[in-house]
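> Here are the chains, one letter per residue:
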Amino acid sequence: MSNPFFEHKLNINRRHFLGKLGLGVGGAALGTLMVPDLFKNSMGGDGMPLGLKHYASKAKRIIYLFQNGAPSQLESFDYKPLLNKMFGQDLPESIRQGQRLTGMTANQERFPLVGSHFGFKQYGKSQTWVSDLFPNIAKITDDICMIKSVHTEAINHDPALTFMQTGAQQGNRPSMGAWMSYGLGSENKNLPAYCVLLSRGKGNGQGVYSKLWSNGFLDSTHQGVQFSSGEDPILYLNNPKGIDGANRRKMLDHLAELNEIGYAEFSDAGIKAKIKQYEMAYRMQTAVPEVTDFSKEPDHIVKLYGSDCMIPGTYAANCLMARKLSESGVRFVQLYHQGWDQHGNLANEMSGQAKDVDQASAALITDLKQRGLLDETLVIWGGEFGRTNYCQGKLTEKSYGRDHHPKAYSIWMAGGGIKAGTSFGETDEFGYNIVQDPVHVHDLQATIMHLMGLDHEKLTYKYLGRRFRLTDISGHVVKGILA
Amino acid sequence: MVRLKKIVSSSIFLILFLLTFLLIFEVYVEIPPWLQPIGRMHPLILHFPIALIILLLLLDVFQSHIEENSYIKIRIFLLYFTGLTTALSALMGFFLSLEGGYGSELMERHKWLGVALCYVIYALILSYKYGSNIYRIFLYSSMVLVVLSGHMGAGLTHGTDFLVEPIASAEKSIPTKDSPIYEGFIDPIFSSKCKSCHNPEKQKGELDMTSWTALMKGGENGPAIIPFAVDSSLVLQKAFLPIDHEEHMPPEGKPQLSKEELELILAWIKQGADAQMAMAHLSPNDTLYLVTNKILTALKQEQQKPVYEFDFADSELIASLNNSYRSVVQVAQDIPALDVNIYISQAFKIEYLNDLKKIKNQIVSLNLAYMPITNQDLAVIGTFTNLEKLNLNYTNISGEGLEVLKLCEKLTSLSLSGTSVNTELSELFKNLPRMEEVYLWRTSLESADLDQLKSQRPDILFNEGFIPNPKDTTALPPPLLGNKTRIVDLDEKVVLKHKLQGVTIKYTTNGVDPDSTTSEKYSKPFELPDSTQVMARAYKEGWLPSEAVSFPFFKKGFEPEKLVLLTQPNEKYSGKGATSLIDRETGSAEDYKGRAWLGFDNEPFSVQIDFGEKAPTIQQVVFSYGQNMRQNIMPPVALEVWGGNDTSELKLIKRISPPVPSKNQGNREEMIPVSFAPTEFRYYKVKAFPIEKLPKWHRQKGKRGLLFVDQLFFY
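Each protein sequence line maps, in turn, to chains A and B.
Per the numbering used here, the first sequence starts with residue 16, numbered consecutively.
Per the numbering used here, the second sequence starts with residue 741, numbered consecutively.
FYI, nobody ran anything at the bench for these hints, they're computed from the structure.
No residue lacks a Cβ here, since even glycine has one placed at the ideal position from N, Cα and C.
Please note that a few of the clues may not be correct.
Partial chain A-side listing against chain B, Cβ under 8 angstroms, derived [as the list claims (entries may be wrong)]:
no. : residue
1   : Pro-107
2   : Ser-109
3   : Arg-298
4   : Met-299
5   : Phe-309
6   : Lys-339
7   : Glu-342
8   : Gly-344
9   : Arg-386
10  : Gly-387
Okay, chain B solo, but in the shape it has when bound:
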C-alpha cells in the first residue's frame, strides 16, 4: 500500500511538472497525430474528478457517522485517486485544446481553472496531515473550482446556452423590411452596448433603456431620446463626446458604438424616432432607409454562410473520382459540398460525367465548359439535386436538353455562352425559383425570346456579354510570317498568314507600303526574286485595315571561307564573334542581348572577308542592321566596301552615306544593299560607321549612337 501510494504520489507530481512545463512553452508545442487520441480521452476521464471531489466532500460532511479508521483509509484512497485522475484529465485537456478550433475566451478560462484545480488537489493531498482547517479550505475551494470549470467545459462542448436553451426565446431572426426599425435594429444595439448598465434592475443615472417608453421617459438628466431633435437627444450627445470625456457613453473601455450604429440611431431620431416606423414606410432614397438597409444586408450576409444538410462524401470515393481530367474537391475543409471541374475536351469520356452519380447529393458546382457533351448527356445532371452552379459554355447542347435542369431546383447560376441554345427557356426558369444569373453570350437565342425571359423573370440577371458596336472599326491585327527563317534558298517561298478567318492579305516586295487596290493579293506562298523587304497589310469587312508589317528577306548568296573582325565590338554585345555575321540567324529588333548581334559604339565596324582561291563574281553586298532608336540604336551614317587580291592593298570599291532619320522610326531590322560593277576579288572589307551625335529630335541628342550589325550577304 505504501509503495503504491509513493508511485501514485510521484506520478501526480510528474504529471503536474510536465503540465507546468508544457504550459510555459505552450507556443512551441505541436501535437503529433498519435497523441491526439489521448487528448480526446479528456471527456472520458474528467467525470472522475467531478464525482470523486463530491465524494470527498460528502465524506467530510458525514465524517462523524463513519468509524475513524475506515474514514482515514477511505479518505487516503479517495485523495490519491482524485489527484491522479485530476492531473491526467488536465494533461489530456491540454492536448485536446491544442488541436485547434478552441480559440475562445471560454476555453482560456476553462483551461486555467482546470490547471488551478490540479494544484489545489495536489495541495489537498499534501495538507491532509496538517489538520482539518487547512484541509477544508482546499477541499471547498476545489469543489468551487470543479463546478466552475466543469460548467465551462460543458459550455465548450454543448454551447453556453445549452441549459437554458429549451426555455429561452426562439432563435434570433433577421428583421425584415416590415418590422419596426426600433424593434429590429435600434433595440438590439442598445441590448449589446447599453442595457447592461441601464435596465430596470440596474439603472445608472436612473435611466432604463430596455423599452421605447422608458427611453422617452429618460433618466435624471431628462429624456434619452427626443424625436426629431438630434442635437438635444442625450443618447447621441453622450455618444458623440470625445472618448476620453468623463460623460462619454458607453464608458471608455466598454464596447463602443460603431459608425454604422451611430448613423442609424441619428437617422432614426431625425425621422421622429417612431416606435412603429419600418423600412417599408420609407422611400428607398431616404437616409434612414439607406443606413438600415446597409445593416440589414450585413446581417443577411452573415446568415448566408452556406449551410448544407447532406452528409460528407466518403473521402476515398472523392479520391477515386479525381483523375487527370476531372477534379472533385470539397468547397472547404468543413463543408460537405463538392465542386467538380472536367477539363480538356480531347480527353473527355462520357463516364467522367456519369460517374458523378456516386456523389449526386454533394455536387453544388459543376463545370463542363468546352466538353463535347450533347442534350442526351445532360440527363444525369437532373439527379444532382443540390447543384447551384452549372457551366455549360461552349458545349454541344441546345435548348431541349436543358429541360432536365428543372429538377435542380437549387440552381442559382447557369452559363450557356457559346452554345446553340435557341429554344424557349421560359418554362425552365419557372421551375428554378432561386436562379440569379444566366449567361447567354453568343447563343442562338432570338432577342425577342430574351426580352420575354427578362420580363418574365426580372429578378434574374441575363448577361448577353460584349456585342461590338457595328460602327466600331477596330484595326485588324497585322499579318504574320509563316517562315521560320527569313533567309531563303532558291526554292523556299514566303508564307504569310493571319489568325482571323476571312482576312485578305495584300503585299508588296519592293519596299512600298501595300494598299487595297494596286498591291498583290496573297493567295499562296510566293518566291522572291532578290533580297528585299516584304510588306503586308490585312483587310476584312467590318475592320479597319491593319498596320503594314515589313519583313526583310535575304537570299542566301555566296558564302565566304573566312571572316576576320578588324575592330572589336563592345564586349557586352560581342555575339559569336565574326561568325555572327554569316551564321544566318537573324536577331530581334527588340532584344539586343542575344548572340545574333554585334554591337559597336566607339569604333566603326570593320570586317575582312576571304573567299579563298576560287573567288566568285560579286556585284552586291547587303548589310543588315538593327534599329531601336529609343535605345540609341541607329542606322550607320556611312558604308564602305573595299576589295583586292592582297589584304595589304585593298581599294575602296563603293562608299554610300544613308540619310540620317528625321524622326523615330520604330524598332525593326533593316537592310542596305550596296551595288557595284561585278568584281572577282579574293578579299573584301566592309566598314560601317555609327552615328557620332544623335540627331536633334532625339531625347539624348548629341550623345554617341550605337550600331548593331546582324548579317552580311554577297551576291
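For reference, chain A alone in the conformation it holds in the complex:
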C-alpha cells in the first residue's frame, strides 16, 4: 500500500461519504422504480409459493361451528363431580390464585362452587364423558377428539372472539378463513372460498361483527362472505325481470370490452379485479342456486339434522348448508351460533342452546362421514372461553349462573387428520386450572393450519414492515391430537 494516490483515495471524509451514499441510495431507488419487484420476494411469506400446501395433509376444508358467547365446559364435556359435592362452598384461594375476574363478579363477596345441573355419562369405545344435554354428540364420541385444556388470554367476549378468529385481540388482522383462502386459494372458483353463516339461539346473546371474518390487510378477495339467513342465501343473484341469461352474458361481454379500454388507458389493476368479480358473479348465478338448493335433500337428511334444518337461518339449516358448501369446495365455512352467555338462569338457557345445536352438529359429522368426506374436512366445535366453576349471582338448587373463565375450556374437533376417539388435556378437580397438556389459542391455530398442510410460521404476509402470521409470534402444533 505504498501508492500515495491510492492511499489518498482511502481517506473518506464525511462529505465524500454522504455524496456516495446519496448516489448509491439514488441508484437503488431508481432500480426499484424501473423494476418494482427488484428487492421483493416473489413468494408468499418465507419463500413459500401460494396456493399449495407446504406439506401433504388430509384436511382440505374446514367447517368451524363457533358457539358464540362461550358455552360452559362444566355442563358439557368437562365432568367435575367434586363441584357437586362441594355445592355452595367457597372456591379455595389456592385454586383461584388471584386470577383476574370480570367486572361482573369481581365484587362478589363469595365464590360459591356449583356443579353441573345435568348428569354425565361415558360414551363410545373412547369412554368420553358427555353431559345429558348433548345426547347426539354423545353418539359420535368415537369420531371426535375432545380437547379439555384450551386456554385463552382474553376475558371478555369481543377480544376473546377476535383473538380466537384472528390471533390478536385488537381486530385489525385477517381472520383464520382469510388466511386459509390466502394460503390455499379457492377450490371451486364459482363460490367464495370463505363463507359465513349466522344463527341465534334463545339464550343470552352476544353479537358477532364483520371484523371477525375480515381480510385485514390481505387482499379483499379473501374476505368472508356472509350469507343471508333468509330464503335466498345470497341476495341479488337472480336476473332482473326482462333479462335472461343470454342477455346478461352479452351485457357482461360489452362491459368487459369497455373495462378493457379503461384498463388500456389507466393500467389500474382495480379494473382487472372488477372484470374478474363480474365474471365470478355471473358464474355464481348458476353455482349458488345449485349448491344451496335444499329441495333435493332426501327425508333421511331432514331426519338426521332435525326438522329445523328446513327453516332458513337456524343452526341446523346452517349446518346442512355448511355441508353442501364444503362438499362443493368452499375452503372455510364459518358458523356462529349466538346465545351461549349464561351469566344467570344457566340450566334453563343452556338446555335450549344445546337443543339448538346438539342434533345438527352430530348430524354434520355423520353426513360428512357417509359421503366419504370426513377425512378431508376438519370440523371444529367450541366457543371463545370457558365459564367459572363458581356461581355468579344468587345460587339456588335450580338456578345459577357462571361468569367468564379464560383459564380452561373444552372444544372438540373431528375429521381430517384428527386422532378420533380421544380426549386430550386435563383440568384439576375443580375444573379451574389445567393440569395436563395445556393448549393455547395460538397452539390451536397452529394445529389447525398444520392439519391443512400449512406451516404457521411460514404462511406470512408483509405489512407495515413486519411479517404477520395468524399465530403472531407463538404457537406450537399440538402433536397429541394428530392422527
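Starting from the known structure of chain A, fit chain B onto it as the hints suggest.
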C-alpha cells in the same frame, strides 16, 4: 501487477465486509429471486479454495525444491487467487443458505466454519510478509478448516452417510409383530439414548448396554435388568430418579427417555425381559402388547408419508387444466401427486373428465360428485393408475361401469353414495387389494350383497351411513309462506308451501289451531275474506305433524291522507316516523332494529289520522304489533279509537283492554281488530298503552314493558 494486487486485495476486503454485515443482520435479509442463481453457483466456486489451499500447502512442503524467486511469485499469485475464491464462495454460500430448506445444525456448523476459513485466509494474505511461522500457523489451520467445512458441505448435498453408505448395514426396517421386542423396540431405545456411554469401548460404570447378555450381566452395581423385577432393575431405578438427582440416567442435559419408552421398558421387564419374546406371542390386551403397538403405529405413520415415484406434471399443463369448473392442484408443493375436483353439474362437459388423460399418472384423488356422468364415461378413469381416492357420489353410474376401476390398483377409498349401484361388486374388490373404505349410503345395493362383500373383505370399511329408525318419528318442519308480503289486495291469494315432497298441509283462517281431520287441506292458493291469522300445519307418513305456524294477513283497506304522531317513539326505535304505520312493510318479530317498527316505552302510542275531504265509511281498525316477551316487548294493555270532524273535538269511539298474557308466548307478530258502528269522520286518533309493570311470571317482573307498533289498517 501491483495494481491488480490492489484491486484483488480490496475486493476481498469488500466481500468480507459485506459478508460480515450480512451475517450480523441475517434475520432481516431476504433474497430476491434474481440473486438466487448467484447463490446456487456456490457448489461451482467452492472447489477452487479446496484445490488452491492444498496447492499452497504443497508449495510450502516443497519450498526447498523451488527456486526462491519463482516460489515468491507463485505464492503471491496463489494467495490472492485463493483469497478471492474463498471469499466469493462464502458469500454465495450465504445466499444459498437463505433459500430455505437448510435449517439443520450441520448447516450452521458448515456456515460458521466457512466464514472462519474466509477470515483465516485473509489473515494468511496479510501475514505472509511477517515470517514463515505465523504464515504456517494460518496455512495449516486453513487446511483443517477447509477439510472440515468441505466434509460438512458434502454432507449437506449428499447426506451424512454418503461415504460409508455402501458398506453400512441395509436401511432400518420397521419391526413387525413377529420380531423380538428386545431387538425391534428396546435395543433401538438404548442405541439412541444410552449406548454412547455404555458400549464395549466406553463402559461407564463398567456397564455395556449393547447386547441382551451384557445387560443381564450388568456393571459395577449389578445387573442392569432383572427379569420380572421392575423395582430392582437398575435401568428403571436410575431412569425414575428425579432429573436433578446425581444418579439419574440419562444424565441431565442428555436426551431423556420419553414416557412411551419408559412404559415399554417397564412392561417388557415385567413380562420377563425375554430376548425372544415378540408381539405375536402376547394377547392383544396385554400391557406390553399395547405399549409396543403404540410405538409400532407411530413408526409406521412416520414411514407412511406419501412417496411417489412418478414425475411432476408440467406446471404449464396444470395451469391450462385449471378452469372455472375444474381445479387441478398438487397435493403439496414438493409432491408430484395431483388432486382433481370438478364442480357445478350444470356446467359439466365430458371433456373436463377426458382431458385428465394428460395427467393420468399424477392423479391420486378425483372428485366427480354430482356430475352427470354415466357408466361409459368411467372408461378414462381406468387409465389413472395411481388413483387412490375416487368420489362418485350422486353421479348417474350403476354397478357395471365400475368394472374399469380394477385397473386402478392403488385405490384406497371409493365413494358411491346416492348412486344406483346395484350389481355384484365382489369381483371388483378382489382386484383392489389396497381398498380401505367404501361409502355406500343410499345406493340400490341389496343388503344380502352388502353382507357378502363384508364377509369377503373384512378389512374394508363399508359405510352404509345414516338409516333412520323406522320407529323414530321426528316432527316435520312447518309449512312456509310463499307470499312476499302479508298485505294482500283483493285478487292476491295466500300461497303455502313445504320443502319436503309428499307433505299434506292443513290450514285455518279463523285463528284456530289446525288439525288433521276438520281443517281445510291446502291444494291451491286461496283468497282471504278478511284480515286474519292464517294457521297451518304439515303432515306426512312416518313423521309427527309439524308445529302450527301462524301468519297474520292484512287486507289493504282505506288509505289515510295524512298521519301525525302525537307522542314520539323512543329515538332508537323511531323507524320512518308516522309513515312506518302505513308503508305496508311488515317487520320481523325477531329483529326490532329495522325501520319497520315504532317502539314506545315511557309514553303511550298516539297517532292522529286524517282521511281528507272525502271520508270513507269505517267500521274497523286493525292494530298490528310485535311480541317478543323475552326482550320485554309485550302486547298493549289498552287500545282506544277516537273520531271526529275537528281535531280539537275528537270523541272516544271504542276502548278495549286485551288480557295480559299469562305466560311467554314466543316471538310473533300479532293483530288486534277494534270494531265499532260504521262512522264517516275525517279525523281519527288511535292510542295504545304499553304495560306499566311486567307480569309476575316474567324474569324482570315489575319493570316497564315495551310496545312495538307495526301497521294500522282501516276497513
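> I'd like to know which numbered hints this structure contradicts. Please list them from smallest to largest.
1, 2, 4, 6
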